[in-house]
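For the record, the sequence lines run as chains A, B and C. The first sequence runs 0 to 242 under numbering that gives the first Met the number 0. The second sequence runs 0 to 317 under numbering that gives the first Met the number 0. The third sequence runs 0 to 448 under numbering that gives the first Met the number 0.
Just so you know, the hints here were simulated from the structure itself, not pulled from any lab data. Predicted model only: the values in this text are computed from it and were never measured. All residues carry an ideal CB built from backbone N, CA and C; glycine is no exception. Fair warning: there could be bad hints in the mix.
If you want the footprint, here are the derived chain C segments under chain A, 3+ residues with CB under 8 Å [to be verified]:
no.	segment
1	47 to 60
2	85 to 91
3	101 to 110
4	114 to 125
As a list, the in silico DSS-like pairs of lysine-lysine whose alpha-carbon atoms are at most 27 Å apart [as the list claims (entries may be wrong)]:
no.	chain 1	residue 1	chain 2	residue 2
5	A	Lys138	A	Lys228
6	A	Lys69	B	Lys207
7	A	Lys228	B	Lys207
8	B	Lys309	A	Lys138
9	A	Lys138	B	Lys29
10	A	Lys157	B	Lys207
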Amino acid sequence: MKPMEEIVRFPPTIIPETFEWGNYLHTIQAFPFFRYMRNTLLITTFVVAGNVLSNSFIAYGFAKIDFPGKNILFALVLATMMVPGFVTMIPQYILFTRIGWVGTYLPLIVPSFFGSAFFIFLMRQFYMSVSNELIEAAKIDGANHLYIWSRLMLPLTKPALITVGIMSFNGAWNDFLGPLLYITREERYTLQIGLQSFQNQSTTQWNYLMAGATLVMIPTVLLFFFAQKYFISGMDLTGGTKG
Amino acid sequence: MKAVEEQSQFKKAVSEVRQLRKKKWSPSQKKEAMWGLLFVSPFIIGFLGFMFLPMMFSFIGSFTNYNITSRMDFIGLTNFRRMFTQDELFTTSLYNTAYYVIFNVPLTAIGSVFLAVLLNRQIRGIRLFRTIFYLPAVLSGVAVYVLWMQLLSPSTGLINTILSWVGISGPSWLFDPQWTKPALIIMRLWSVGGAMLLYLATLQNVPKQLYESAEVDGAGFTRQFFHITLPMITPIIFYDVVTSTIGAFQIFQEAYVMTEGGTGGPANSLLFYNLHMWNQAFVAYNMGYAMAMSMILFLIVLTLTFINLKLAPRWVHY
Amino acid sequence: MGMKNNKTGLYKLAALTATPLILAACGNGNSDAEDTSNPGSEGASGEQVELEFWSFWGSGPRRDTIEAIIEDFNETNDTITVEYVYQPWGDIWTKALAAIAGGNAPDVIVQDINSVRQRADANQATNLQAFIDEEDISGEFYPQLWETVLFEDEAYAVPFNTDTQVLFYNLDAFEEAGLDPDSPPATWDELEEMARALDQESGESWEQIGFYPRWNIGADVWTLNADGGTSWFDEEGNVAINTPEKVDALEWMLDWQDYYGRDTITQYEAEFGSGVADPFISGLVAMRGQNINYYTNLRENAPDDFRFGVAPLPEREEGSGNWSWGGGFVLEIPENTSHPEESYEFIRYLTSTDVQERFGMNSFDIMANVEANENLADNTELDERAQMIYDMANQNLEQTVITPVPLNAPDYLSLVNTQIDAAFLGEKTAEEALEDAQNSVENLVEQHQ
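Isolated chain A (complex conformation) (with noise of 0.2 Å):
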């Protein structure tokens, strides 16, 4: 928000003496803002969706459902988070590129349809403490799981799909070193990668990368001050869950 000249002096000043709104709209001038903002937003809207969707789905079926080979899997969840991702990385970018994926955004936003170990052990914490009683009574009218997960647990655990969902429109939102890999043209790239365009080798547009980094803030922030309401109106369901 300062102008550079303000910003480069010394001792810096707290408050800018000079508020210089021109600065935001340099950013948005400087590349592609709201093309960006387009691209950013349909990335995260299909890896938000993926994400609420299979990891609910999943750990339903980890936390109350009894089969066999239960714990393994879930072990090999949890695993998957345990390796560091530089060393995977350049396999997965090897075998995307051979299945072609490279320069489309399939790569960012596939994977969230199968499921991440963060979530889905989340989710899993979530419905362990729903009480059985519940579930079984629906069994016993004929509800089959995929009944009880539709129609019993989504609206139950809504809380926790709302902070899935919180937590993983942040997670795309921010996200830079997947867009830097896998998108290749220029007009497809994302918001994070614009924002980097005002550093170079010599010198860095402070002025112009903080605005750029505020403006870039405000959807995680107004999507978190409103999602509020929902955590709260999801909770009268105390009946349901274990004493």
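Add chains B and C to chain A, keeping to what the hints say.
Same frame as chain A, but now just chains B and C:
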């Protein structure tokens, strides 16, 4: 000890496989099992499709001199031997990371529970308050770094200024190897808003009647917290501890930005495990070595997670 | 070297097994995949060839200039069309590495000059020697730059731009202190003398700090300056860390720290470390050693009436030489791309004198082409200061050393830095620190053998 645990884990897996084969399943059990597999099938497909090969590749790579583009020869256990006998920075990075994990995990867990309980009430403007506390969790990248450089500045920074009011002369934080890690831990603590979100969501599931009846019994806030709130949110505390332990071992981004491209900070005091691994992989092209390092990290984290899982029944109430 | 082109069976196997399994698991993912690898037609003569060119010039004058240059190239060239793609600074090389490993690299990349040999050694860059043999262009560039692109005597890149460390000094501060603005310090002794004259202490804090060696350039530059231009590795590739000259230089730097006090130094480093606030522009620091491209910051951020001069880094003692250190960027063709000839033609265009001059004029980068810099120093379209910068650069590059990443210890730097940090923290003497660093790095060299 590690070996024993792995063995018992292994035995469990084996017996599960045996069960799979031997046990006669009643039709209803079979049906139930089919449902279970259906529900977890997306994970299995995703795992086989996107993760299995890269993971196998890294596993195999850890026994080679893989340099990403031209070399991949088997060199046996050379990478591992080098790690434990020659590489000075391996030990440094392991120490730095352990230091960080030990403080970061409990502090952020306590901090976020505290914050969530504090902000879980219905008063005017609470949504704004929550948003303010959540804000740091979504701030990221260079902007945060610049902000903290200013906050932690020895002479004019806010933190040392406040300390000086109570007569403490603050350290020079990011410039003193003794204080760089505490500085980073404080920085991370500042963004507990992310975990707060989890706890806020969980607290919504605590039955109100419990508090009501507790109040009738005359239990104060502290007793309510320890006897109702805390036990009710243990599943998520458990989740938080397990995942943040895994996450803390992989700390990278902050240190990478703070040390201007992964140089490790003053006296390598911020050279974390993943930072060292990154430098090996992408600066020196010793990808095979980096893969070997990742195997060791995997084993460490696996062991800790296993201990966590073993201890869970003692304190987690579902 | 037997290693080259020796992709082992295992490597191939691992890469190949990926394909069928994944295809089985995922069905056809190809539907809306776009062509990522080298779009355009075959490289047969007469036909259209499209090239993809990556660099990190994302916004501002560099980007505008490179786009204009490419446009001109495309207009005048019938068969080649170049498409410019911006990639984020720093991360461009991670992406490039992945793309090369995945076999869909772009045709030309702007790469770091210090790691050319590393990439040549790892089969990441195309050998350009055949083109150089046809027309030897090596003489157009500063010799030390050309030296960096050679691996086993063959060229793998062409230098594009460069930089060098110089001394910036505040003219107003010089005049106020009664110093002659036309004679900046030439030796370390003079530097110290003038710094004392420029120092202004008020109570416990400083109004003006004459000079502090470790701000903006590191101990590596001053040790190199002291040691006749020899970096941590000598010309034969031997570890040369604990030489008497370097120990001397480190002691000299420690003296500066003692003079101002470690706390003072740390405080200011904390203030300015992020690079956001600028103590030179603020007038707090009167002289500082810095990369010559700092000039662009001064142009953009300093008030119009801010007056400064540039000089070579002072020499340790008369006759030891004003050795300085530099870096820069090169143009490279990744290995296994489909149009190396056309790509080289484009590289040749970008490194030709006229184009180099044009890029420099708009970006104020120091170019790799000697003649381009000489022209820029006399170019009347530039203002006097800019001409002065190019003149200085030209002069300074005669004593500027480039320090490519040593192949036998590419990751040595943090080992040296730890020891130097220990010296500045008062835990070790200069001699002990460099001795320990010498041993550490020698040990590392052994590990890589």
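Verification of the hints:
Evaluation of the coverage hint for the segment 47 to 60 of chain C: fulfilled, as 5 residues show C-beta separations to chain A shorter than 8 Å, against a requirement of three. Evaluation of the coverage hint for the segment 85 to 91 of chain C: fulfilled, as 6 residues show C-beta separations to chain A shorter than 8 Å, against a requirement of three. With a cut-off of 8 Å between beta carbons, the segment 101 to 110 of chain C has 3 residues touching chain A; three or more are needed, and the interface restraint holds. Only when three residues or more bring their CB closer than 8 Å to a CB of chain A does the claim for the segment 114 to 125 of chain C stand; here the count is 0, and the claim is violated.
The suggested pairing of Lys138(A) with Lys228(A) is violated, with an alpha-carbon distance near 32 Å, which exceeds 27 Å. The hinted pair formed by Lys69(A) and Lys207(B) fails the criterion: a straight-line CA distance of about 34 Å is larger than 27 Å. At most 27 Å may separate the alpha-carbon atoms for a hinted pair to count; Lys228(A) and Lys207(B) meet this at roughly 18 Å. Taking the CA atoms of Lys309(B) and Lys138(A), the gap is about 32 Å. The hint is violated against a cut of 27 Å.
Of the supplied pair hints, the one linking Lys138(A) and Lys29(B) holds, its CA atoms being roughly 16 Å apart against a limit of 27 Å. At roughly 17 Å between alpha-carbon atoms, Lys157(A) and Lys207(B) fall within 27 Å of each other, so this suggested pair holds.
Going down the numbered hints, you'll see the structure goes against 4, 5, 6, 8, while the others check out.
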